[in-house]
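With the hints as a guide, bring the two chains together.
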Amino acid sequence: MLKVENLHVSVDGKEILKGINLEIGTGEVHAIMGPNGSGKSTLSYILSGREGYDITEGRVLFNGQDLFEMSVEERAWAGVFLAFQYPVEVPGVSNIYFLKAALNGIRKFQGLAELDAMDFISMVKGKMKDLDMDEKFLYRAVNEGFSGGEKKRNEILQMSVLEPTLCLLDETDSGLDIDALQVVAEGVNRLRDPKRSFVLITHYQRLLDYIKPDYVHVLAHGKVVKSGGPELALELEEQGYAWVDEKLAS
Amino acid sequence: MSASNENLKNMIGQEYKDGFVTDIESNSFLPGLNEGVIRALSAIKEEPEFLLEWRLEAYRHWLTMEHPEWSFVEFPKIDFQDISYYSAPKSMEDGPKSLDEVDPELISTYNKLGIPLEEQMRLAGVAVDAVFDSVSVATTFKDKLAEAGVIFCSFSEAVKEHPELIKQYLGTVVSQFDNFYAALNAAVFSDGSFVYIPKGVRCPMELSTYFRINAANTGQFERTLIIADEGSHVSYLEGCTAPMRDENQLHAAVVELVILKDAEIKYSTVQNWYPGDENGLGGIYNFVTKRADCREDNAKVSWTQVETGSAITWKYPSVVLKGDNSVGEFYSVALTNNYQQADTGTKMMHVGKNTSSTIISKGISAGHGQNTYRGLVKIGRNAENARNYTQCDSLLMGDQCGAHTFPYIETKHPSATIEHEASTSKISEDQLFYCMQRGISAEDAVSMIVNGFCKEVFKELPMEFAVEAQALLGISLEGSVG
Ligand SMILES: Nc1ncnc2c1ncn2[C@@H]1O[C@H](COP(=O)(O)OP(=O)(O)OP(=O)(O)O)[C@@H](O)[C@H]1O
Ligand SMILES: [Mg+2]
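These protein sequences, in sequence, are chains A and B. To convert, note that position 158 of the first sequence is 158 in the working numbering; the numbers rise steadily by one, no gaps. To convert, note that position 375 of the second sequence is 375 in the working numbering; the numbers rise steadily by one, no gaps.
Bound conformation, chain B alone (with noise of 0.2 Å):
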């Protein structure tokens, strides 16, 4: 391998900051999948009996289901019984209690990520759900947001405090027998984020949940319900991190959201699991099932990823568009470097009038990393006047990396107008002898190439995120010229 190509390694294959361990103390199931255990589970969280019950039917459907083989990743069976389904820290076992209660351990962990918690040193203008493990820690400007009516706290504070809530919308987006590891999680899932944003309210903060897997031979199954009623708009803000184990750890979640007539809502993901070593050693498995529901007119919603981490990732961030008029955005940037895998895409199911979708997809593949984007496109009987535009890039770093498409389109009305480009580049050692030729290293001719690669996408985040983001993939921001 030449120097440049050397170069180019470095830069994409930097240290993986987030990977410390917590030393906490924490009670964790024994690994094994059973009935008992989602009993037990169900009963540490003091569930009503609704939801014991669904949980149970979606466990019976899961043992009925098989293993999905389609994607383009691969990695050895999964023994579902060597997994512990529960792990908390010992000091939250009472339940969510005041910040000041919070372990001081816990509190510095998500310090360290920069995350702060604490009231003094909070993140200006976002309010936080930190998800440790399988419970969360803690949430941030519960008052502020309540004084306007925005519910923010954690699934399980949820199921407790609005179980109405919970009846009405949970398994209405993703229902529990979705999929393999949609109804996994519909089982077994400990905790979460929950929102719902009240009619006409524009929410007053950015909201973020922050997911932080710490506990060895535990998988997180965490749910995500947003609901934005009439009028309403939220941005929200997903981070996630694990610490570097040479076992490769389950991630399975689910997302619904639920967005009413004329509501918005803008979910942004930066995603940063651990993504195993330059061997493929390790790393978090994360398959994930995130939906969206714009279930009346002028409905509108936006997914946002970035993607860096994982040793697998395979999601596919979805819209269903029912209203008339809705509209589907899905921006994500997938980088896989060493030997890491990426599927993912996203459905834009068309069923209302006039609905719109748009799909900007980048995929960057550097190492021996696997990228590929997989996407449909459905144009319902009734989707009058439906409109699509997707745009598909893939960026290559060497020549051991692949980049795979696999956009598929159903058209079932005659009207829709559908618009597809795709591109696939190189970063090759002319182009980093020519920018280094002019001056410019190649550390930041990388970047230069990286950012100018992903501009589209990363100017839908917002602006804290986008800085986090471009750090991640050991960018800077363009200038203000050009």
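Okay, chain A solo, but in the shape it has when bound (with noise of 0.2 Å):
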């Protein structure tokens, strides 16, 4: 589905990812770990499609097209989606409008006709029941005095409504407690299929014992430095990052 292709990327002449490589298989589910600042944020950013980063070298592959010929829009269009770690407020604009607005691009992009008003909210409102949300939330603005927590919930609700086919992740665990990492994680689970491939950036091994990975990766310094199965998290769990520091010196 995604094949990442040393990529360098930098912000102001200073390079922030350092010749990444990746591949992400359909239906697979991928871990990426790191320390703070090592890039992951920023390669979630790449592949969503945000400006200000000059791609300095490499290609990203998605589904056999250049990801980097296609436009934000596009690219949400054709199933990339991101949960982002720190969730945007758009005040003014009520959760059930802008959801609306989302998935009828999305459905218009596909060649379907829009989803009249009273499916979408039975659909809507059973997605936010799975995820444990209150309706009240579809009325207020779009994440505006949303709790960090609440913030995150509703990321995955709009990933239940759209549909993608790819779905980065960023930190979604981080603020969440502990029930509320349970329904996000089982709200995640449920979208698990075989034509649909996930990457959790997490600094967590716990986030990790809800949702299995197929492959953990180590993301350092701007490079992936170990890729393994899922034991590699429990080893980072133990040891911490020092290692990696040991390792690039070496």
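In short, the hints are calculated from the structure, not lab data. Check each hint, because a few of them may be wrong.
[Stated by the list, open to error] Straight-line C-alpha distance at most 27 Å; calculated BS3-like pairs for lysine-lysine:
1. K455(B) <-> K136(A)
2. K455(B) <-> K125(A)
3. K412(B) <-> K261(B)
4. K129(A) <-> K226(A)
5. K459(B) <-> K266(B)
6. K247(A) <-> K226(A)
7. K199(B) <-> K167(B)
8. K144(B) <-> K160(B)
9. K426(B) <-> K136(A)
10. K136(A) <-> K459(B)
11. K353(B) <-> K261(B)
Pasting the structure below:
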């Protein structure tokens, strides 16, 4: 589904990603871990098309297509979804209106008719129930005044409504209490599908207890320094990242 | 500037669509202002003596006045001798005619602007008075309105046909000495609209005036007077456009509303005068005095304005709440882009008992636009139990623009309840990226955010106007859900 080849990215002349290689097969779940500032969010922004970065080398193929040829919206329509580390507030725009605009944009791209208002509402309400979210959130402005945990849950609601094929979750588990973590993890698991791939950026093994990854990668100083199976996350939990620096030094 | 900022810019800075010039022969006065000009103007209009005197008093007073400097706008000194104070299409010289005789060029101008004047194409349920430069060219649905006893005609016609009403009400809300531009207007106003709704009548249709400046180097000084007699009700709409020109043009209007016992006026404006180009060249100076007088008990007035045009907008539709239980409302959206400046707001003067007022102001600034809200809530000595609610929100796009708020409150009665809320927000690149990542185009995202921001004001506009206003801001109606 996604193939990242020798990706180099810099901001203001400072190199942040220094040659990333990553291959994510359809239906797979990959976890990316790594110290603060190692470039995890940057990678997710590059994949979703945020501006302000210089891509100096490398390429990314999404279902065989050059991702960098696609605009932000085109990527979204084609199934790329980023659950933000810091979800953005959109004052004055109700959650339900926002969801409807987003879904209709995607459906239009897929050549589908807009969902009828009643069908849409009942579909969204069903998903909210699964995520244990109060319906009143539908009529509040997008993320405005939401608590940290509510924002994260709202990201997962959007993901379940939009049903993307490549889900990038940037620290969705940070800031969630134990119960919320479980609800969100269940939400993600419900979406697991042979046709859908996930990239989970996280600092904690805890999330991976709930969502079993197929692969774990360690990103440090802008490079994937180690890849392995789920056991790698356990190792990291025990040892921390000190060995990464030792390894890079040697 | 990054690409999405560029996006924002394109979206907000849509090209001015109504900037064409009508090629028509006009008779204009030479630039210049003196008593002779005023006498000539009054003579052309065959005005009664009292009106000429009224004008001259205003002029003589104006000569003693200083140009006001207190507002938050900047512009070069205006040379009042460099403006022509009268311009009328030649074909209109002999005064208002039936529509069949109106110059087809004029009719086609209004068609282009989306205001059909021909009988068969008229806007359903809206009577229109079309003012072109200094004169009214046509008023539609007059007969139908006459059946209900409603008088709706050009100001000049009202002076001829209903001088007693003009004499009784003219200048009783905004005196001819009120302020610099009101005095100038009183001296040289050329036309405008007049409305009288008799006792107990609910006006059977929306009334609207459409102002068009066409001639170069002319000022437009129109005057609107609306009287809602006891228990009557009227909804009035006002729209404005002008050609694109490199020179600034002056528009200094006066609007007076008189609301008697139990009557109500709803006054809506969509102002889209030419705003100047992206470098701030040209555009209309829109210096307007609008005031409503809730003269008797239970009178109600509501000003709703959507201001997207003009190089400089300077207006404060105000309400004097004299009657007990009278109600004043002000809903405003003002958008400034490029080098536009807007200094707008309202004054609510509570005089009677149990009077209440509501102020909802939404300022949107983009480009180098400067947007100022200036409001005064005054609770008089006898205004027992007066209430005011003010909400004042600013939305900034980009980092070159500005928003300023100056809310003044003066209370002379301890029982007053005054609430004030204010906020400033920004459409950020983060918001745009977030929306776009969800599959919403940048254009739709901006529309969505701006529309959400203006919602409380748009819902006050009559349907046709709400649609026009939203189109003007480049936005579409939010769906039925949400
Ligand atoms: N726009 C920018 N300007 C300057 N530096 C930036 C910019 N974006 C990212 N960086 C820098 O790039 C590095 C990687 O940042 P990134 O947010 O990708 O880290 P991360 O791995 O997600 O960290 P965390 O675990 O704390 O979320 C950091 O040192 C950060 O300061
Ligand atoms: Mg991060």
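Consistency of the hints with the structure:
| no. | hint | in the structure |
| --- | --- | --- |
| 1 | K455(B) <-> K136(A) | holds (19 Å) |
| 2 | K455(B) <-> K125(A) | holds (25 Å) |
| 3 | K412(B) <-> K261(B) | holds (25 Å) |
| 4 | K129(A) <-> K226(A) | violated (39 Å) |
| 5 | K459(B) <-> K266(B) | holds (13 Å) |
| 6 | K247(A) <-> K226(A) | holds (10 Å) |
| 7 | K199(B) <-> K167(B) | holds (19 Å) |
| 8 | K144(B) <-> K160(B) | holds (21 Å) |
| 9 | K426(B) <-> K136(A) | holds (25 Å) |
| 10 | K136(A) <-> K459(B) | holds (22 Å) |
| 11 | K353(B) <-> K261(B) | holds (14 Å) |
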